Structures are given as C-alpha cells and as structure tokens.
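Novice: First residue of the sequence shown? That's 1 in the UniProt record's numbering, and the numbers climb one at a time after it.
In case anyone wonders, no lab produced these hints; they're calculated from the structure.
Keep in mind the model is a prediction, meaning the values are calculated, not measured.
We put the beta carbon where it would ideally sit given N, CA and C, even for glycine.
Some hints here could point you the wrong way.
If you anchor each label on the Cβ, the simulated ranges turn out as follows [unchecked claim]:
| hint | residue 1 | residue 2 | range |
| --- | --- | --- | --- |
| 1 | S178 | T349 | 44 to 54 Å |
| 2 | N174 | E276 | 20 to 30 Å |
| 3 | K67 | D24 | 45 to 55 Å |
| 4 | D141 | H272 | 38 to 48 Å |
| 5 | N191 | S279 | 19 to 29 Å |
| 6 | D141 | K168 | 14 to 24 Å |
| 7 | A270 | Q324 | 44 to 54 Å |
| 8 | D141 | G92 | 17 to 27 Å |
| 9 | S114 | E378 | 20 to 30 Å |
| 10 | F280 | N23 | 41 to 51 Å |
| 11 | E276 | K245 | 35 to 45 Å |
Only pairs whose alpha carbons sit at most 20 Å apart, straight line, appear in this in silico SDA-like list of lysine to any residue [to be verified]:
| hint | residue 1 | residue 2 |
| --- | --- | --- |
| 12 | K168 | K245 |
| 13 | K75 | L108 |
| 14 | K245 | I304 |
| 15 | K161 | N129 |
| 16 | K236 | L190 |
| 17 | K88 | R215 |
| 18 | K224 | L237 |
| 19 | K75 | D41 |
| 20 | K161 | D112 |
| 21 | K305 | H138 |
| 22 | K96 | S114 |
| 23 | K125 | A104 |
| 24 | K168 | V91 |
| 25 | K289 | K265 |
| 26 | K224 | I177 |
| 27 | K96 | K125 |
| 28 | K75 | S47 |
| 29 | K167 | D112 |
| 30 | K236 | C274 |
| 31 | K14 | L69 |
| 32 | K160 | S150 |
| 33 | K226 | K236 |
| 34 | K236 | T149 |
| 35 | K224 | I179 |
| 36 | K245 | I119 |
| 37 | K289 | D350 |
| 38 | K224 | F171 |
| 39 | K88 | D41 |
| 40 | K236 | K160 |
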Amino acid sequence: MNYSKTGFDYDPMKFLRCHSRNNDSADSQTQVWDCAFEPLDGDFLDSYIVATCGGNSVCFIDCVTTKVLSKYYTKDLSVLLFTLAWTKLPVGGEKKLLLVTGGAKGTLYIIDYSDNVCILEYQLKCKRNVFINTLCFHPTDHGILFCGTSNGEIRICELKKYLKEPKKIDFVINNCISIENEVFDFAFCLNTKLLLSSCNDSIMSFFLPTKEIVRASSEIKGIKIKIANGGNNTSKLVDSVEVLKEGLIACKYALHSCIYICDLKPLRDALHECNEIDSFELEPLHILKWSSTDNYFMYMGVNIKSSLLCCGDDKGSLWLYGLQEIFQSSASTERNIEPSAIIPWPYLTDHYNDKKRKLNLNVYDIVIDKVVVHSSGEFIVAVTNNNLVCIWRKT
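Could you put the whole structure together from the sequences, leaning on the hints where they help?
Specialist: What follows is the structure in structure tokens.
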C-alpha cells in the first residue's frame, strides 16, 4: 500500500549500515534498536544530529550530510545496546551534552558527546542479569533519569555534578520501584506530572508532582491505566507510549492493529480528589488504524512541533498521522482513522550483500524498530532489525 495526502511526501535519502559487527559491510543481522535527535535549547527544537544504538555501538549522524560524525563502542564486544536518551547538564557556565545508553547486560554508559568518551560505566545491582529496556530523562529536571528494566524495576537516577577535569560525574539512584511486569517504554507527561511505563499488562503510571518526590526514597505507588473499548482483542501488552500535548497520549497495544489517543486529564482530576487510586480506565478519544502485524515492539515517534506521529511496521513501511486534523476533530470517539500517509520500503540494491552472495534484504521481514521525527518535519529517521539507519527527507 502506498498513498499520501498532500504535505506528507517523503523520499528515502540515505540508508546507512553503521552498526556492523567487526566492520562487516554485509552484516544484516545486527539489530538497531533506538534513535533520538539531539535536543537544542529553547522552543523544543532539535538539531539535525541523530543518535542511534545497536550491537555494541552508538552512532552520531548528521541527517543533512548523512555522514557518521562519531561512533562510540563499548569495551565489551558482546554488549547489546537497546536504548538511549540525551540530556544537557550545566558545567562551568555552559551546558554539556550527554547521552546515556544501556542494554542487555544491565550496564549504563554515560557518554560525553563533544569528546566522544564514556565518563561513567555503571552496573546495576541485581540478583540476576537484567536488560535495560528503556531510558527517559525528566523533561524539565534534566539530571533525573528514569531507567526501566526487564525484571520489572524502575530506577529513578540522578546525574549530579559533572567535573570537566578529570571527567567525572556523580551518579546516584534515588529510588527503585518494583512492579510485576517487564518495562518496555517510558514517557513523561508534564501536564499531569505522570511517568508512564508501557508493560506487558497495560500502562503503569506514577504521579510525581514535585522535585522532592522525584528525589525521595519513599514508596511510590503505581496506577494501572487500562484503555476502554479495546474490542475483542485479549492482548494487554503495551509496547509503545508517547506524550502528545496537553495531557494527550498515544499508546499502542500489541496485536490490536491500531493506536489509541487518550486524555490523561480525567486521571489527573481523580488524583486531586483521592490519592489512593490503584487502577483507572481511559476512554480513547481517537483510534488510528495501523498495521495488522503479529510482530511486537515497533516503537512510535512523535514531534508536536511538526504535528506528526509516525510508526513503522514489519514490512519496512512508515505510517504517518497528521496530528493537527486529529486534534481538531469534534467527534467524541473517532474509530479507524486512516493514516495521512503510508511510505513503503524502497527497493534497495545492496552491493555488499551481492558480493557475499547473501539473499536480498527484501526477502526477509523488515521490522522498523523505532522512528523519530525532526521538529521541523523535514526528516524522519528509522532504525531496523537488519542493521540499517534509514533517513527520509520531506519533498
């Protein structure tokens, strides 16, 4: 399927294979899991530099030139990096750009972007090996890092004073919240002061209204969020959640073939009346039609500045949704809203694969693991299960 409304036309610009094991130019096995644009100060703009992680490396890529500017490797070659997050910390009158990444061995790596050095490796203390599945910085308290793991723990960490010479950062874990379910994705809603965690049994939310509560070690109770009108689908696994604007969120259940748009304000109002809430049901405002795939863990990307929500599928296609017209809709619950565009996977000629007589990439499922949208709407970047970083540019 290939169609597009006016204003949603994107062309493939460059597809990079930059996370290969042993610099194998024909490596189509390494999965690239996550990507995020470098944040700029003021007005929620991004730079054109995108960070990607897969295998045991992090790449920093300029979308305009499509060049890999720098690359960080972990010392342990067997590490698999699943997630990353950017932040800026004040250092001696300026702001220092840091990137945190982690993955299969439960180690956090804090990278100084300008010098491309790891200033801290921090091994999580667990009874057994756990995966770091997701990382998220607080949107206004830039030293607070939320870390979600495969054993159902959410750590509220803090990056404190960063010393330039020697390169050293104070890192502490303020709190550890244990829930019954594996944590897959994070989003923080400033409007409602809720940390949202997608899990294999719905969404768990945590009310964090003040800096004091965020930094406290006292117990923080979770509130299970359920989505009403989920149809006859029994799957409760939520693999992706994103904050849109003014308390609105997008969430995607595995096997539901849709994306739900919901409003968190009813939950916020209920919390003001009573703190003792264990679960809460949200009625979807809109239901966006998406792929009928039976694959899991294709993470959405959204940028409110460019009013665009995007999610890939397991055919290599990008599903784009213009949020402006969705927000302006007057219907109480709109169902099966068609995407504004579906951008198909292009036919690729892979000379490196041909030389090694490997099968063409198009023979296999091409899973888009994660998508990010630039604040200008000019670029969309996606990362895949076959070791590609894909850059699309608006035409």
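Novice: Hint by hint, which ones does this structure get wrong, listed from lowest number up?
Specialist: Result: hints 3, 4, 7, 11, 12, 15, 16, 19, 25, 27, 28, 30, 32, 36, 37, 38 and 40 break, sorted rising.
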